[in-house]
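To convert, note that position 41 of the sequence shown is 41 in my numbering; the numbers rise steadily by one, no gaps.
I should point out that these hints are in silico values taken from the structure, not numbers from a laboratory.
Among these hints, one or two may not hold up.
[As the list claims (entries may be wrong)] Across the chosen pairs, the derived CB separations fall in these ranges:
(1) Met97 - Gly49: 17 to 27 Å
(2) Met97 - Arg42: 36 to 46 Å
(3) Gly115 - Leu87: 15 to 25 Å
(4) Ala60 - Val106: 30 to 40 Å
(5) Leu63 - Pro103: 32 to 42 Å
(6) Phe112 - Gly88: 33 to 43 Å
Built from N, CA and C at the ideal position, the CB exists for glycine as well.
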Amino acid sequence: MPSAREVVACTGSGGSEGHDEPSWYGVRRVFRHRELGVYAERVTLWSAGRPGDAIGRAEAEALEYCAALEEVDCAGYAEAFRMDGVLGEGAEVFSLMRESDLPSGVHVRRFFATGRERTG
1 MPSAREVVAC TGSGGSEGHD EPSWYGVRRV FRHRELGVYA ERVTLWSAGR PGDAIGRAEA
61 EALEYCAALE EVDCAGYAEA FRMDGVLGEG AEVFSLMRES DLPSGVHVRR FFATGRERTG
C-alpha cells in the first residue's frame with residue numbers, strides 16, 4: 001500500500017471500490033531525477049482487484065526503479081486508472097480529466113506543453 005506521505009487518486013470507471021475479479025489498472029507515478037533537474041511521469045500497467053492494490057504493486061516497482069537509477073526519488077504521488085475493455089493495441093491505459101474554463105490552447109500550454117518538457 002502507499003506510504004502515508006503519498007497522494008493517491010483513483011480514476012476511471014469504478015472509482016475506488018473493489019472488484020471481485022482483477023481488472024487492469026494504469027498507475028501513474030511521478031519521479032524526481034535530481035541530477036537531471038527534471039520530474040518524470042511513468043504509467044505502468046497492473047492487474048489487481050482494487051485500485052489500492054494496483055498502486056501498492058506500482059509502489060514496489062517504483063522502489064526498484066529508484067534503486068536501479070542514481071539520483072532518482074519517488075515524488076509521493078500515485079494515481080490509478082481502471083481500464084475498461086480488453087487489453088490490447090489501442091487500449092486506453094490511462095486518462096485524466098481536469099475541469100478548466102481556459103481556452104484549449106492556453107490549457108494545453110499551461111498543463112501539457114509548457115515548453116519545458118523533455119521527450120524521447
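Hints versus structure:
1. Range check, methionine 97 to glycine 49: Cβ separation about 24 Å, and the 17 to 27 Å hint holds.
2. A hinted range of 36 to 46 Å is violated for the C-beta pair methionine 97 and arginine 42, which are about 20 Å apart.
3. Separation of glycine 115 from leucine 87 is about 34 Å and departs from the stated range, judged on CB atoms against 15 to 25 Å.
4. As the Cβ distance of alanine 60 to valine 106 is approximately 39 Å, the hint placing it in 30 to 40 Å holds.
5. Checking the proposed 32 to 42 Å range against leucine 63 and proline 103 shows it holds: the Cβ atoms sit about 41 Å from each other.
6. Between phenylalanine 112 and glycine 88 the Cβ separation comes to about 26 Å, which falls outside the hinted range of 33 to 43 Å.
In summary, the numbered hints that this structure violates are 2, 3 and 6.
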